[in-house]
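J.: Residue strings, one per chain:
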Amino acid sequence: MIGSGNKKSGMEMSEGAYKKMIERKKRIAKVRRWIATLLAAFCAVLFLMPIVLTVTNSFMAASEISSNYGQVFATSDSGGKTFISEKVNLKFIPDMVSFSQYITVLLKSPDYLFKFWNSVILVVPIVGFQLLVALLASYGFTRYRGRIKEIIFFTYIILMLMPYQVTLVPNYLVSSWLHILDTRWAIWLPGIFSPFAVYLLTKYMRRIPVSVMEAAQIDGAGEWQIFRHICMPLCKGCMCSVAILIFIDYWNMVEQPLILLSDDSMHPLSVFLSKIKNGEIGLAFAVATIYMVPTLLVFLYGEDYLVEGITYQGGIKG
Amino acid sequence: MERREWPFRRAVWQIWKKVREIRKEAKGTGNKKSRPPKLSRQGEESKKILSVHRKGGKAGKGSIEKKNAKSRRISAAFLTPSVFGVMLFFVVPFIVVLYYAVVNNPIQHHFVFLDNFINVFNNAAFRQAAYNTMKFSVIAVPLAVVLSLGLAMLLDSKIPFKSQFRTFFLTPMMVPIASIVLIWQVLFHYNGMVNDITALFGAGKTDWLKSEHAQVVIIVLFLWKNLGYNMILFMSALGSIPKDILEVAILESAKPWQIFVHIKIRYLSSTVLFVTIMSLINSFKVFREIYLLTDDYPYNTVYMMQHFMNNTFGNLDYQKLSAAAILMSLVMIVIIGILFLTENHFGKDVEG
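Protein chains in written order, with the numbering used here: chain A, 1 to 318; chain B, 1 to 352.
Only chain A is shown next, with the shape it has when bound in the complex (with noise of 0.2 Å):
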């Protein structure tokens, strides 16, 4: 019925047109795979450049770095210090290897090391009490659902969505009040109780199913029991994802050390490093290299686990 125009065309063709057709068709699939490919390369390319030119530039010796991009950096201050060339050199490759650069940020200007100690100790509690907070909560979201607490966990979904200009006037408020403004707790405590990691781990323990629970129960259990050794070991997966998501994000911020640490002392890399002076620019980007190896080795380390967060996290009605 539907189909039968097309079967019709297909008995009138002779054999030997049928089979033109046949490789007609797979050459152009093929010819369509290669243009897909060099789509996908051209892309990955413009993708890892940045990256790559980064890392490759931080083996420059720093007269080579001011002599190529001197005036890039020059132009906010009165002038370069060394002479600078009329064009701005971008080098795939450096003319001369070197780790001076290297050396200098880890051994001889503890500035640095320094900074990325701030974000280090900024990071890490975050990370890992806001997944001990949300783990305990999202049990309790999980087990026994009812109306009440429906009503909390959509108010954090919408609390999740709100961009950080909404968030952060009642975080300096708080902080205010607790007098926790320009140490690091202003930073920390908003961070614990970040909704984010709740949303994500609850989406992911209400899969499992119900039973398994329930017989933990029907064989004596306690809620405890229940949580330490039944939802913790299947939620093991996720809450590696939640982990390298959260590390991501905060090991990028910029908006609430700006606002909550008044004391450029305490700020992390991530903000000290656009303030690297004009004499100093061919130490940022090793230290921009540096700052990035956390991130790069966690990404190696994690891709899937990033993946299948990124993936949990998609489809917000569920």
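Since the hints were derived computationally from the structure, they do not count as laboratory data.
If a hint is listed, it holds; no wrong ones were tucked in.
Label pairs and their computed distance ranges (CB to CB):
1. Asn311(B) to Asp182(A): 13 to 23 Å
2. Ile157(A) to Lys243(B): 28 to 38 Å
3. Lys158(B) to Glu15(A): 19 to 29 Å
4. Tyr102(A) to Lys210(B): 24 to 34 Å
5. Lys236(A) to Lys210(B): 48 to 58 Å
6. Asn119(B) to Ile157(A): 25 to 35 Å
The beta carbon of each residue, even a glycine, is placed where N, CA and C say it ideally should be.
With the hints as your guide, set chain B onto chain A.
T.: Only chain B this time, still in chain A's reference frame:
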């Protein structure tokens, strides 16, 4: 050869529905066969027992009920740390912010209703910031959705090295913006690489970061950073479209674009919604990129909401801050509400 048409969109959907019905029936009969009739009666009996227990609970005899109530309370206790924190750091202060937005100042507490909002509206900096932020979102969000869908389709087609490409596209998401800003400044400098490339096509030089084109630079950076994340969402959604309906459509000699428009898009609608919302939120976060590229006072076209907020935090003008925050949250709620409603309208007849 005669032109192949596909006027049978409706037919495909009907066939698909039939297939679903048949499947359901098959499932139903299978279940009936596998389950002996005794069991169902047992189920009823157990219900009776439960109801007896429930009645008994009132009299204080039902131990199961008691236990359940107890564990219900304990499981609710798991919530307390988080709820306490969220209340303290988000909900309660937000209510205070709401209050601050309608009084004249935090000391006198005169009720002035909408005055603060009017003041904020009349503030030129706020209008500039709101306009820029809106313009940025309106341009960047649809671009992000469409381009990431394109990338996902690209990876969904049969190309080699799929997982490698996925990794490549996802890396920008991991890299902190602060690390990448330096190279961005080099690329978009007046004598930089981007101008060299545009010069090849005969375009004049532009000083990207210090002109009206600054927004272009930021949009490129935004897309670079966010496309990977959106792509993953779309890829998982594309993977979850049932294969049979695609096969039915191919049998009905649907062209690829028809399959895309009439089938894939409809299955993707909820993902499109989610990606739009996430991109919108991320587009508000773009202050980060601008701040790191240009510092506190950037060129006018990239003066964003967050700049306004930061500068207002500087003077600690609570009224302005609260009113602006409330306005922002209202706008967010309205936008998200509209998105949800449209999605409900369009994605109705598709089973997720």
